[in-house]
Structure formats: C-alpha cells, structure tokens
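> Model the full assembly from the supplied sequences, consistent with the hints where possible.
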Amino acid sequence: MESKVIMDPPMTPPVLVPPERAASPLAITEAEDARPPAFEVEGLSIWYDEKRAIQDITITIPSKMITAIIGPSGCGKSTFLRSLNRMHELVPRARIEGKVLFAGEDIYSSDIDPTAVRRRIGMVFQKSNPFPTMSIAENVLIGLKLNGVRERAFLRERLEQSLRMAALWEEVKNDLHKPGMSLSGGQQQRLCIARAIAVEPEVLLMDEPASALDPIATAKIEELIHELSTKYTVVIVTHNMQQAGRCSDFTAFLYLGRLIEFGSTNKIFTNPSERQTEDYITGRFG
Amino acid sequence: MIAQRHILGTFDEALASLRNNVLMMAGLAERSLDRAIKGLFERDDDLCANAIADDEEIDQLEIQIDKDGVDILLRFQPVASDLRRVVSAMKLSTNIERVADQATNIARRARKLNQHPALPEMELIRPMHAHAMSMFKDSIDAYVREDVELGRAVVSRDEKLDELNRVASRRLIQRMAEDPDQLRGYLNLMFIARHLERVGDHATNIAEDAVYAAAAEDIRHQPFVPSA
Numbered sequence: 001m002e003s004k005v006i007m008d009p010p011m012t013p014p015v016l017v018p019p020e021r022a023a024s025p026l027a028i029t030e031a032e033d034a035r036p037p038a039f040e041v042e043g044l045s046i047w048y049d050e051k052r053a054i055q056d057i058t059i060t061i062p063s064k065m066i067t068a069i070i071g072p073s074g075c076g077k078s079t080f081l082r083s084l085n086r087m088h089e090l091v092p093r094a095r096i097e098g099k100v101l102f103a104g105e106d107i108y109s110s111d112i113d114p115t116a117v118r119r120r121i122g123m124v125f126q127k128s129n130p131f132p133t134m135s136i137a138e139n140v141l142i143g144l145k146l147n148g149v150r151e152r153a154f155l156r157e158r159l160e161q162s163l164r165m166a167a168l169w170e171e172v173k174n175d176l177h178k179p180g181m182s183l184s185g186g187q188q189q190r191l192c193i194a195r196a197i198a199v200e201p202e203v204l205l206m207d208e209p210a211s212a213l214d215p216i217a218t219a220k221i222e223e224l225i226h227e228l229s230t231k232y233t234v235v236i237v238t239h240n241m242q243q244a245g246r247c248s249d250f251t252a253f254l255y256l257g258r259l260i261e262f263g264s265t266n267k268i269f270t271n272p273s274e275r276q277t278e279d280y281i282t283g284r285f286g
Numbered sequence: 001m002i003a004q005r006h007i008l009g010t011f012d013e014a015l016a017s018l019r020n021n022v023l024m025m026a027g028l029a030e031r032s033l034d035r036a037i038k039g040l041f042e043r044d045d046d047l048c049a050n051a052i053a054d055d056e057e058i059d060q061l062e063i064q065i066d067k068d069g070v071d072i073l074l075r076f077q078p079v080a081s082d083l084r085r086v087v088s089a090m091k092l093s094t095n096i097e098r099v100a101d102q103a104t105n106i107a108r109r110a111r112k113l114n115q116h117p118a119l120p121e122m123e124l125i126r127p128m129h130a131h132a133m134s135m136f137k138d139s140i141d142a143y144v145r146e147d148v149e150l151g152r153a154v155v156s157r158d159e160k161l162d163e164l165n166r167v168a169s170r171r172l173i174q175r176m177a178e179d180p181d182q183l184r185g186y187l188n189l190m191f192i193a194r195h196l197e198r199v200g201d202h203a204t205n206i207a208e209d210a211v212y213a214a215a216a217e218d219i220r221h222q223p224f225v226p227s228a
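Going down the list, the protein sequences come from chains A and B.
Residue 266 in the numbering used here sits at position 266 of the first sequence, with consecutive numbering throughout.
Residue 167 in the numbering used here sits at position 167 of the second sequence, with consecutive numbering throughout.
Calculated from the structure, these hints are not laboratory results.
Note that this is a predicted model, so its numbers are computed, not measured.
Glycine included, each C-beta is placed from N, C-alpha and C at the ideal position.
Treat the hints loosely; a few may be bogus.
Keeping only pairs whose Cα atoms sit at most 20 Å apart, straight-line, the calculated SDA-like set for lysine to any residue is [said to hold, decoys possible]: (1) A:K267 - B:A80; (2) A:K267 - B:E217; (3) A:K267 - B:A216; (4) A:K267 - B:I219.
Just so you have them, the derived chain A footprint on chain B, three or more residues with Cβ under 8 Å [what the hints assert, rightly or not]: (5) 6-18; (6) 76-90.
From chain A, some residues computed to sit far from chain B (all C-beta separations above 10 Å) [as the list claims (entries may be wrong)]: (7) P37; (8) E50; (9) R52; (10) M123; (11) L155; (12) R156; (13) K178; (14) P201; (15) T230; (16) S264.
So this is what it looks like as structure tokens:
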C-alpha cells in the first residue's frame with residue numbers, strides 16, 4: 001500500500017498583534033460629545049397660577065442621546081418635559097419665563113406655531129393612549145393624515161417603517177386592521193411610540209413610558225429607546241433609578257423645581273457632585 | 001462613614017454587616033501575620049501552627065463577603081457611594097485573604113527555620129515586617145475612615161518595602177555563597193522577605209480600593225512619584 005506523505009504547511013511564526021482596545025459601549029464618544037445640542041434651556045421658570053413648578057432651570061440637552069430626568073414626585077420633572085414641546089401650555093393658567101431654544105430657535109417665540117413644535121418634538125405618555133376607535137394602522141398614520149398626507153404607497157411604507165422601528169411590526173403585521181386597544185399594554189405603548197415616530201419628529205419626549213409595564217415589556221421599551229437614540233434625541237422622565245442608569249447617556253436630577261445636578265449617567269450614578277443627588281439616588285432622602 | 005440612614009433599614013444592616021466582616025477578616029489576617037513573625041523570632045512552632053490554622057476562618061470570611069456582596073447588588077442595586085462601598089469590600093476581601101496566605105507561607109518557612117540554629121540574617125526580616133505591617137494596618141484604616149490622603153500615602157510607601165526586599169535578597173545571596181551549608185536557611189529567609197514584600201503589594205491594592213470607595217478615584221497603575 002502506497003503511503004501518502006502529507007506535507008505540513010510551512011511554519012510561519014505567529015504574529016501577535018494586540019487587538020485594539022474596544023471602547024466601552026457605554027462610553028460617550030468624542031464625536032457624540034461634539035454634536036450641537038438639541039435643547040438649550042435658559043433661566044426657565046414655570047408657574048401654574050401662583051405655584052412655581054420650575055425654578056430658573058438652565059440646561060443643555062445633547063442631540064441624538066438619551067437624557068433621563070429623575071427626581072421625587074412633584075419635583076417638576078413632567079412639567080419640565082412638557083415645556084420642551086409646549087405641552088404644558090394645555091394646562092390652564094400656566095405661565096412661563098425664560099427661553100427654550102430648540103436647534104437654536106426659541107420655541108416660545110411669538111411667531112412659532114405650537115403645533116409645528118409638537119410635530120418636530122413628539123411625546124409618549126405614561127399610560128398608553130391609542131385612539132380607541134381606530135385600528136392599529138390608523139393609529140400609526142393619524143398624524144400624517146392630519147397633516148394632509150394622502151398618498152397610499154407612502155402611507156403603507158411609513159406604516160411598516162414606523163412599526164418596525166417601534167419593534168412591533170412582526171407582532172401585528174397580520175392584524176393591522178384590528179383595533180389598537182386589542183393589543184397588550186406593552187404593545188399599546190409601542191404602538192404609541194410608532195405613532196409618535198410616524199411623523200418623523202426630531203425629538204421624542206417620554207414621560208414614564210414603561211412604568212405601567214411588566215419587566216419583559218419594559219425591557220422591550222428600553223431596548224427600543226436605545227435603538228431610537230441613533231436617530232432621535234430622547235428625553236425620558238422616570239421614577240425608576242435603575243431604568244435611568246440602564247438607558248440614559250445623561251441624567252438630570254430635579255428637586256423642588258430646581259435642577260440640582262446634570263451630568264453623564266455614569267458620573268451621576270457612581271460619584272455625583274451634589275450631596276442632594278447622592279442622598280436621593282442612594283435612598284437616603286428626606 | 002454612613003452619614004444618613006437609608007430608607008430601607010435592611011439595606012443599612014446589610015452594608016454594616018459586610019463592612020464588619022471585612023474588618024473582622026482584616027483583624028484575623030493581622031493577627032495571623034503577627035503570629036507567623038513571632039513564631040519566627042521567638043522560634044515558637046505553636047505560634048506558627050496558630051497562624052496556619054487562622055487561614056481557614058479567613059477563607060470562610062472571604063467566601064461570606066463575596067456572597068453578601070452579590071446579595072446586596074442583587075437585592076438593592078446600590079449606586080454611587082453605596083455601590084463603591086460594596087465593590088470595594090469585595091475587592092478588599094480578596095486582598096486580605098492573600099495577606100493571610102502570605103502569613104501562612106511565612107509560618108511554614110519559619111517552622112523549617114526553627115529546626116536549625118538561628119541565623120543572624122533573620123534581622124533583615126524585622127524592618128520589612130514592621131514596614132509591611134504598618135502599610136497593611138494603614139490601608140485598612142484608610143478604608144475604615146474613608147481617608148483618601150492616608151490611602152495615597154500607603155501606596156507611595158510600597159517602593160521602600162521593595163527596596164528593603166532587594167537589600168535583603170542581595171545580602172542573603174551573598175551569604176549563600178559564603179556559607180553554603182546554611183543554603184536552605186538563607187533560601188527560606190529570602191522567601192519570607194518575598195512574602196512580606198507581597199503583603200506590601202496587597203496593602204497597596206487595599207489602599208487604592210479605599211481611595212476609590214471614598215472618592216471614586218482610580219489611582220491604580222499610575223507612575224510612581226517618589227515623595228520628597
């Protein structure tokens with residue numbers, strides 16, 4: 001029997017190249033840091049009648065990042081969030097002082113239409129609020145239709161795109177004509193997110209978007225928020241400290257209507273500069 | 001130094017218990033190191049045996065601290081200074097356990113040395129022990145009192161211990177050549193010097209963790225700046 005000689009490939013000494021050290025996925029890159037801000041809020045105060053809900057807040061909110069607003073109940077978190085797209089004006093006898101510049105433009109300037117502001121700066125609320133008489137598809141497309149968009153192909157494309165971005169498409173693609181209210185709580189909240197992004201806003205304001213959801217639905221919303229931040233600026237109000245720690249790049253701590261501290265989430269949750277922040281996040285408040 | 005009570009009393013209790021276990025472990029490691037060195041200088045095998053026996057309890061405390069630390073992270077998800085305290089306690093326990101291992105190693109070497117007439121070169125060990133022990137005690141003190149300056153000072157003292165070790169090694173190598181009959185004895189002393197030098201390294205790690213716990217500042221692996 002003829003033996004086969006198997007030639008070993010010529011030996012070459014291995015070249016050990018140290019791999020590039022991977023940047024932490026949680027770190028804020030220089031490019032992200034250098035982006036122009038989404039909001040520049042200067043000396044903002046808000047009153048409801050005589051009650052001053054927000055006191056002289058000055059803050060710069062970075063674009064295409066996630067900023068969390070934390071603080072105890074009644075500290076003005078929601079009022080501040082709503083002031084970023086003039087939603088607080090829907091409360092009777094609300095009064096404002098100071099400036100909110102969005103992309104360099106004062107959204108409270110007399111020649112600015114609040115509806116136009118709200119189209120560019122969308123909002124998702126604590127309790128999911130699909131329109132009860134509308135189907136899933138109608139819920140997503142209502143914003144575009146109200147803006148006069150009628151082209152069917154475009155609407156169909158935007159419907160799928162928005163539902164995909166809201167991580168809901170696979171779950172509802174065969175039920176688009178069923179009522180929005182037929183979905184589960186977590187799905188309804190993602191439907192509301194799809195509705196908010198269908199009009200292609202630049203910013204998403206979220207007021208406790210996952211507080212009524214179970215941990216799985218919450219995780220889906222948090223993952224979605226992370227995905228959305230590649231395209232949108234996200235500002236989220238949350239009572240859940242761990243959620244703020246998990247999902248945000250920056251955190252602002254509000255107390256009694258004042259901004260106590262604003263900084264990178266890593267810094268706030270490992271070594272806050274202000275004693276009040278430390279006491280609040282570690283649970284030693286009051 | 002926990003300034004204000006946590007809203008959850010159980011969290012404060014868990015943190016206090018974790019800290020107490022770290023302190024107990026440090027106390028045991030200190031005693032073990034002390035017994036091992038006394039066993040060497042007083043030529044007392046019983047003290048050496050006690051030092052070796054202490055190690056078991058210290059190992060159990062290390063396991064307990066890790067378990068309690070993980071439990072606290074799981075149950076309370078601490079942040080800021082609380083998070084740093086828990087992470088530091090877990091890192092401290094690893095270093096304290098290694099200090100205790102060095103004490104055990106020293107005790108074993110001392111027992112071997114005790115079987116032969118005392119070597120005058122044992123005196124090389126005395127200043128090293130004093131220096132390593134003071135570094136270890138101060139590093140634990142820095143952790144307990146959250147004293148950043150003391151922590152930094154401990155780190156800068158490690159260089160002197162390294163130098164004492166180099167001096168001792170040179171002298172012992174020289175003696176090996178001059179007096180090869182006692183080679184094993186000199187070798188055991190060299191190992192003891194090396195174990196004490198390692199105690200200094202662990203004290204440095206503890207001091208660095210103490211600074212992190214107190215001030216959230218990472219001072220590890222920074223270029224050494226000799227003190228004036």
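> Hint by hint, say whether it matches the structure.
Each hint tested on the structure:
Straight-line distance between C-alpha atoms of K267 of chain A and A80 of chain B comes to about 9 Å, which keeps the hinted pair within the 20 Å bound. Taking the CA atoms of K267 of chain A and E217 of chain B, the gap is about 11 Å. The hint holds against a cut of 20 Å. Pair hint K267 of chain A plus A216 of chain B holds up; C-alpha atoms about 9 Å apart against a cutoff of 20 Å. Straight-line distance between C-alpha atoms of K267 of chain A and I219 of chain B comes to about 17 Å, which keeps the hinted pair within the 20 Å bound.
Under the rule that three or more residues need a Cβ within less than 8 Å of chain A, the assignment of the segment 6-18 of chain B holds, with 4 such residues. Against chain A, the segment 76-90 of chain B contributes 8 residues with a C-beta closer than 8 Å to a partner C-beta. That satisfies the three-residue criterion, and the hint holds. Consistency note on P37 of chain A: stated as away from chain B, and its beta-carbon is indeed over 10 Å from all of that chain's, at 26 Å minimum. Consistency note on E50 of chain A: stated as away from chain B, and its beta-carbon is indeed over 10 Å from all of that chain's, at 32 Å minimum.
With a least beta-carbon separation of about 27 Å from chain B, R52 of chain A lies farther than 10 Å from that chain, consistent with its non-interface assignment. Its beta-carbon lying about 28 Å from the closest one in chain B, M123 of chain A satisfies the requirement of being farther than 10 Å from that chain. Here L155 of chain A stays apart from chain B, with its beta-carbon at least about 44 Å from theirs, past the 10 Å limit. The Cβ of R156 of chain A sits about 44 Å from the closest Cβ of chain B, beyond the 10 Å cut-off, so the non-interface label holds.
Look at K178 of chain A: its CB is around 38 Å from the nearest CB on chain B, clear of 10 Å, so calling it non-interface holds up. Interface exclusion of P201 of chain A from chain B stands, the closest Cβ pair being 32 Å apart, more than 10 Å. Non-interface call for T230 of chain A relative to chain B: holds, since the shortest CB-CB distance, roughly 26 Å, exceeds 10 Å. For S264 of chain A, the shortest C-beta to C-beta distance to chain B comes to about 13 Å, beyond the 10 Å cut-off, and the non-interface label holds.
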